[in-house]
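> Go ahead and model the full structure; you've got the sequences and the hints to work with.
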Amino acid sequence: MTKMQKTDRREFLKKGLSLGLAAGGAVILGKTDFLQAKETEKAIPDLVAVKNGEPDAMFKKAIALMGGMEQFVRKGQTVVVKPNIGFPRKPEVGATTNPLLVKTIIESCYQAGAKKVYVFDNVVMPTSDNSRNCYKISGIEDAARAAGAIIIPVDDFSYQEVTIPGAKTLKTAEIHHLILDSDVFINVPVLKHHGSTHLSIAMKNLMGIVKNRIKYHFAGLEQCIADFCLYKKPDLNIVDAYRVLMSDGPRGPRDEQALNVELKKTLLMSRDIVAVDAAAARIFGKNPEDIGYIKMGHKQKTGNMNLNELKIVTYSM
Amino acid sequence: MKPSRIRIVISLFIFTLFLLLFCGPEKISSLLSSVLLPFQFVPALIRIIANPKALSVIGFISIILITIIFGRVYCSFLCPLGTLQDLFIALSRKIGWRKIHSFQKPHNLLRYSVLCLIIVTASLGSMSLLNLFDPYSIMGRMITQFALPFFLWIYNTVISLLKYFNIYLFSKDTVSFVLSILLVNIGFFILILIMSSRYGRLYCNSLCPVGTLLGLISRVSFFKFTIDRTECSKCLNCAEVCKAGCIDAQNAVIDQSRCVSCFNCLCACPQSIVSYRSSVKNREGDSWSSARRGLLIGSIAAAGSALFMFNPGIRNLLRTAHASSNQLVTPPGSVSLAHFTQNCSACHLCVSACPTKVITPSFLEYGVGGLLQPLMNYPNSFCDYECNLCGRICPTGAILPLSLEEKKITQIGEVDLLKERCVVYVNNENCGACVEVCPTKTISVIDKGNILYPVVDNQYCIGCGACSRACPTAPKSIVVRTNPVHKKAVKNVTAGAAVQSKSAVPKDFPF
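Same order as they appear, the protein sequences are chains A and B.
Start counting at 1 in the first sequence, then tack on 5, and there's your number in the working numbering.
Start counting at 1 in the second sequence, then tack on 67, and there's your number in the working numbering.
Hints listed in this document are in silico derivations from the structure and should not be mistaken for laboratory results.
Incorrect hints may appear among the rest.
Claimed, not checked - Straight-line alpha carbon distances no greater than 27 Å define the calculated BS3-like cross-link-like pairs of lysine-lysine that follow: (1) B:230 with A:216; (2) A:216 with A:120; (3) B:424 with A:141; (4) B:574 with A:291; (5) A:220 with B:239; (6) B:239 with A:95; (7) B:239 with A:216; (8) A:306 with A:173; (9) A:121 with B:230; (10) A:65 with B:574; (11) B:515 with A:304; (12) B:424 with A:220; (13) A:141 with B:230; (14) B:475 with A:141; (15) A:216 with B:424; (16) B:239 with A:141; (17) A:173 with B:515; (18) A:176 with A:306; (19) B:230 with A:120; (20) B:515 with A:291; (21) A:95 with B:424; (22) A:95 with B:558; (23) B:94 with A:141; (24) B:424 with B:475; (25) B:475 with A:95; (26) A:300 with B:515; (27) A:306 with A:220; (28) A:300 with A:220; (29) A:220 with B:486; (30) A:121 with B:239; (31) B:94 with A:95; (32) A:220 with B:515; (33) A:141 with B:558; (34) A:66 with B:574; (35) A:80 with B:230; (36) B:574 with A:316; (37) B:230 with A:237.
The following block contains the structure:
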């Protein structure tokens with residue numbers, strides 16, 4: 006039997022079982038409200054911004070303002086939490102997502118009843134040695150493991166090709182199968198300066214779920230970033246703007262002594278990936294109009310970058 | 068326990084350590100390299116000549132002393148290729164290809180001319196011949212070529228199976244095969260397989276420079292295997308187990324220069340007439356050895372004078388001039404192209420160990436004078452900024468150890484940004500793949516109308532090739548140009564300016 010067939014059968018069994026369990030569980034517990042989810046959605050704000058707290062406290066406040074993690078993660082679901090682990094840098098550098106935030110999100114997913122939480126990133130120089138370094142040095146591996154998540158080392162065989170409807174440049178992409186197979190996808194980027202695209206936030210963070218990220222650079226980086234969001238929008242975007250790398254991004258400076266970081270102590274949360282990027286750009290001190298992919302995403306109706314048109318809830322701790 | 072059994076156990080143990088050295092994890096590799104390789108003849112010798120290290124000096128002297136006292140025990144206990152041949156010999160005995168050995172005539176002309184040729188070419192600056200025939204390096208190349216991919220394949224298969232049990236581990240990058248080198252390795256493998264399974268330790272007594280050299284010493288060694296001519300019944304048992312084919316049982320004479328001290332004869336003699344003992348009371352000279360005395364003296368003289376010639380001036384004679392025009396980059400710590408090519412024994416330990424597999428073996432890239440010596444394989448991979456493993460494990464000093472701090476400012480090459488190919492300059496679209504990955508901030512950007520154009524300042528560059536690897540164009544728009552003599556790079560610390568950890572968080576949200 007080939008590996009492919011094996012996988013298919015496994016997947017089939019898994020899906021069948023989980024579907025059955027979810028349906029059964031829902032009926033038994035009487036929690037059938039996800040069938041009428043429309044009702045509750047109205048209560049969810051377009052964007053939540055919290056500041057002046059520690060990463061874990063800010064997240065807890067923000068998710069409460071969003072209506073609780075239960076809005077996004079149901080009992081028995083599988084979740085992918087996708088932080089930015091792109092570089093082998095320590096958390097202080099601000100090149101990677103805050104490990105405490107990642108840990109708190111995973112815990113929150115489990116509290117909401119998640120069956121499994123996966124964490125991974127296709128790092129910038131994806132040799133296995135380098136990804137190991139990135140996972141380790143960023144502190145995310147240890148934090149995620151402590152919270153009970155499953156850390157996935159990415160390899161070349163975990164991807165599946167998909168076509169992207171309406172894309173201008175990036176017509177197809179190879180996407181990590183966990184994104185396709187999991188029920189919930191939570192995008193947890195860090196806000197930082199970026200030498201290629203001015204800023205790296207939520208839309209840019211999705212480059213870590215595709216296989217050939219170098220293709221983007223060649224084909225037109227910003228259009229590709231915008232195009233990919235036509236295929237997959239995360240169920241929730243949580244932007245870590247606690248410690249913001251203001252220059253030398255995305256990798257951070259050569260020496261940690263010469264760090265140019267600002268403690269913005271902010272956390273943004275939204276289901277709209279364009280809106281959350283626009284808000285994060287403002288936090289950074291940039292105009293969203295100047296960031297190519299945000300503008301393109303807005304034009305392609307992936308989301309809304311006009312913050313004044315959105316229902317925003319802010320909170321200062 | 069019989070002495071030949073002890074020999075088998077020790078040599079197999081050391082052989083296993085060699086497998087671990089090349090295939091094991093980083094920590095084990097570097098530990099084993101520091102304790103095992105100073106006791107390998109050729110690496111220790113090269114190390115002593117160019118960059119003496121205490122342990123190598125001790126190792127080399129002890130090999131010589133042991134040979135002077137006990138004969139060529141090195142060949143039977145320490146040499147990994149010797150053990151490999153013993154394995155082949157045992158195998159061929161099992162399958163009945165060659166059940167018994169017999170006395171062979173010495174190939175003196177061949178072995179002494181190979182040795183002389185190797186010494187002369189090495190003195191003139193080409194390591195090729197030495198590298199081709201050095202037993203340790205042959206073994207290293209074979210493990211790198213055959214054993215390592217096999218172990219990696221098993222390791223990665225196990226990891227991919229564990230996924231189904233929700234256990235996720237990092238796989239290891241595999242070595243890429245280069246056809247020409249594969250053919251060389253297969254050739255040597257077959258050569259040694261045939262030689263050993265048909266003729267025992269013939270390689271050690273014909274082509275191996277170490278065997279020949281130690282053979283010169285073991286002629287006069289303190290302890291020798293001897294046959295008591297008066298009591299020998301000429302049963303030939305000893306000759307039949309002698310892998311080196313050096314026992315002329317008819318005349319009850321053992322050729323000391325070819326004996327590899329395997330102790331087989333000692334255990335095979337039914338009357339214990341073969342003995343291993345001190346030869347201080349030099350009995351009447353062996354008839355054949357006097358005939359070779361001239362050659363012996365000649366070889367020693369040649370070896371001695373050749374060693375005197377080991378100086379950089381003369382060693383440049385055979386150095387291949389076109390190597391530097393070929394844009395070959397040598398690993399950090401190798402000082403210069405000349406230093407590297409003149410000290411590398413092409414054992415490919417660095418090739419095995421390199422975590423990013425940027426160090427790959429060359430074939431003729433360094434020219435005929437630098438056959439098989441490794442090079443930095445840009446842009447297929449890049450040199451990890453946080454790694455200095457190759458220098459830590461190199462046994463010959465071709466790659467000298469650098470502290471991580473030193474390594475991070477050692478400039479093995481510079482980059483060249485080819486604007487006529489670069490996506491940003493050609494299409495006026497953001498790319499920045501090189502900027503993202505540059506660990507030294509050599510590449511920065513200039514913002515012109517919201518397009519970020521990369522620019523290079525080579526004083527910071529260390530030539531790691533990360534940019535070239537990341538560059539999306541084909542052919543690459545940013546390439547590494549070699550520094551034939553490595554330089555020091557400047558640390559770029561200006562970019563971040565002052566630390567701006569502003570503690571005052573702005574009160575309002577900007578929206």
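> Checking against the hints above, which ones are violated?
Those not satisfied: there are none.
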